[in-house]
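A.B. asks: If you want the building blocks of each chain, they are given just below.
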Amino acid sequence: MDVSSFLVQGLNSVQYGFLLFLVASGLTLIFGILGVINLAHGSFFMIGAYLAHWLQLKTGNLFLAIALGLPLSFLVGLAVERLAIRFLYARDHLYQVLLTYGLILIFNELQRIFWGNDVHGVPIPSVLDASVPLNETQSYPVYRFFISLACIGVAAAMYFVIHRTKLGMLIRAGAANREMVGLLGFRVNRLYALVFALGAALTAFAGMLSAPVNSVYPGMGEHILIISFVVVVIGGLGSIQGAFVGAMLIGFVDTFGKVFVPEAASLSVYAFMAAVLLWRPQGLFGARPA
Amino acid sequence: MKTRIPTTRRRFLSAAARAAGAGAAVSLLPAPFVLAQPAKVKVGILLPYTGTYASLGHNITDAMIMAIDEAGGTLGGRPVEYVKVDSEADPAKAANNTNKLISGEKVDFLTGPVHSGVAMAMVKIAREEGTITIVSNAGADAVTRQMCAANIFRTSFSNWQTCFPMGPEMMKRGHKKTVSITWNYAAGHEMIGAFKEGYAKAGGQVMKEILIPFPNIEFQAHLTEIASLKPDAVFTFFSGGGAVKFMKDYDASGLKKSIPLFGAGFLTDGTLEAAGAAGEGIVTTLHYAESLDNPANKRFSAAFKAKTKRPADVFAVQGYDTGQLLLHAMKAVKGDVAAKKEIMAAMRGAKLDSPRGPLTFSKSQNPVQDIYLRQVKNGDNAVIGVAAKALADPGRGCGLA
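First to last, the sequence lines map onto chains Y and S.
Using the numbering used here, the first residue of the first sequence is number 1, and each one after it goes up by one.
Using the numbering used here, the first residue of the second sequence is number 1001, and each one after it goes up by one.
Calculated from the structure, these hints are not laboratory results.
On a predicted model such as this, the values are computed, not experimentally measured, just so you know.
Don't take every hint at face value.
Covered stretches of chain S, going by a simulated chain Y footprint (3 or more residues, C-beta under 8 Å) [what the hints assert, rightly or not]:
1) 1139-1145
2) 1225-1233
Ranges between beta-carbon positions, derived for each pair [to be verified]:
3) Y:A271 - S:E1081: 53 to 61 Å
4) Y:V142 - S:V1083: 47 to 55 Å
5) Y:L149 - S:T1360: 54 to 62 Å
6) Y:E222 - S:G1276: 27 to 35 Å
7) Y:G219 - S:K1100: 42 to 50 Å
8) Y:Y270 - S:K1309: 48 to 56 Å
9) Y:A271 - S:E1280: 38 to 46 Å
10) S:K1208 - Y:E222: 48 to 56 Å
If you want the ones that stay clear, here's a sample from chain Y, every Cβ over 10 Å from chain S, calculated [unchecked claim]:
11) I37
12) Y217
13) M248
Using N, Cα and C, we set each Cβ at its ideal position, and we do this for glycine too.
Using the sequences provided together with the hints, build the complete structure.
C.D. replies: Right, here's the structure in full:
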């Protein structure tokens, strides 16, 4: 492989990594602050993708679809928190896994009822439907740059919110010591609901953004769920920074795995995860178990 | 209340008058004509009428009925009853649906399906039950190979047929090294395998076979890889939305300018409008093209368009030929559905004037047909030559002689 191809594959990796980060950050945020293992996280990715497909058909504009879909998925997140997740905070992880697995089944069935079992494609918005030449043989689609830019924007906004605002302070405090935040008189329930819905909306946003480069199909949530758990486990449960590094690493391992060891392409990320966990069982940025 | 009575009475009277009129009209028919009506021939149709493949199911059905209607709407002089079952293109429901038609409805003939997974289940039952079956789309090689039987016919194609001729063609054009890319599923393996067989025979080398999990359509890393491998050409098979996405991504990646793209025919069938400029110039092989210039195709395309308001396509042609084969066989036995042996013999020996060109059947009862070389020009598959004349599937593993 020559240098320029290597660089382009690097670009592919980074772009995939950004998308994974959007999904994984929501997952790790919810675990870190709510202490909930949310298996239904992938369902929000699927909901986002189907919303993008459906609203794009209705409005004819992907940006408008995303603008409408984001508050919708935020509301879905709020509803799920209020109706299901709220009853799990004091419970053991096993209950959380059981209930959120049940939610996957419910969401998959709802998807089948509302949108059917067909595979759908979402067209790239015409303003972004172009390519930038990279070398003499290859060009790079503008929409992929747009995905990366959008992800960078969201990551920056998240960094700002978490490190520079009162809400962020509460989130950090909640992650460090949930009981204390409650005892200090903050409405923990509200904070939790907000964090859960934000996490859901982040993931749905990732689903919407990637709808044009992936197809929209039943079961798409499960695949992204597993890979984002890998990201979170590598990065360390609950760590946003870890989710970022984990997502980038998985982006590279997955992309180059497909190229160098295609026979074991689906295996490469798990082998990598196993190696990381052997070295650091708590993940790269996870707190050491006491 | 009172005011409503006259209205009701008037309605009643007029309805009664109409009924009497209709009765009179019926009684005007000569009685023997009604009595002589022979028993209907039952044709079972197992096709998808809902979901992704619904349009294929409708085109096959409508064209098949059109063929029979053009010949007077009878099979061997007997009226026809069509029993349609929606296959939903779901292999899990295929056995049940097939039994519904064979054991429940006791159909004389069974036709369909679109999906190869459904076909495997359907053919398995049909060979045991002995129902004469015409596969009108599904291309799984096994249907007329390991699974072949005296009562199983196919009017469409085998996956092998549609791709094998592309190998020699690409060598003729001087493309000695190729990368193939498809979904990692049965049809993908069969199509790429057939291409590879023809290509290797002609001296070509497949540098790399890229397989993508179905129905994933994220091609980016693989396109970058193709660029670094620098093959002379790329051969691909995708269908539907995946085909559109692949053509668009291949174009957007800039590869199309330096590495020409070749494909199995279904890459550019029903996908060109969505692909737009990204489809231009792609060369494919298939047993049909809408633009095919022969009298049978011109007549068929016009008739199908007039009847359904939809343009004819390869699926409609296959349905039409299924109708033609039924007509031919039932004419040979003068409508005697019990004469199964004679019906099957007539089908084996049939020479159909298909819109795709002359059509006969191989020993394994798969079509012997021309495979056309097509190139996308102005959003249409233009025929630029014949890639293989009267090509028969090798029928490996089929014991029929």
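A.B. asks: Sort out which numbered hints this structure fails and list those numbers smallest first.
C.D. replies: Those not satisfied are hints 1, 7, 10 and 12.
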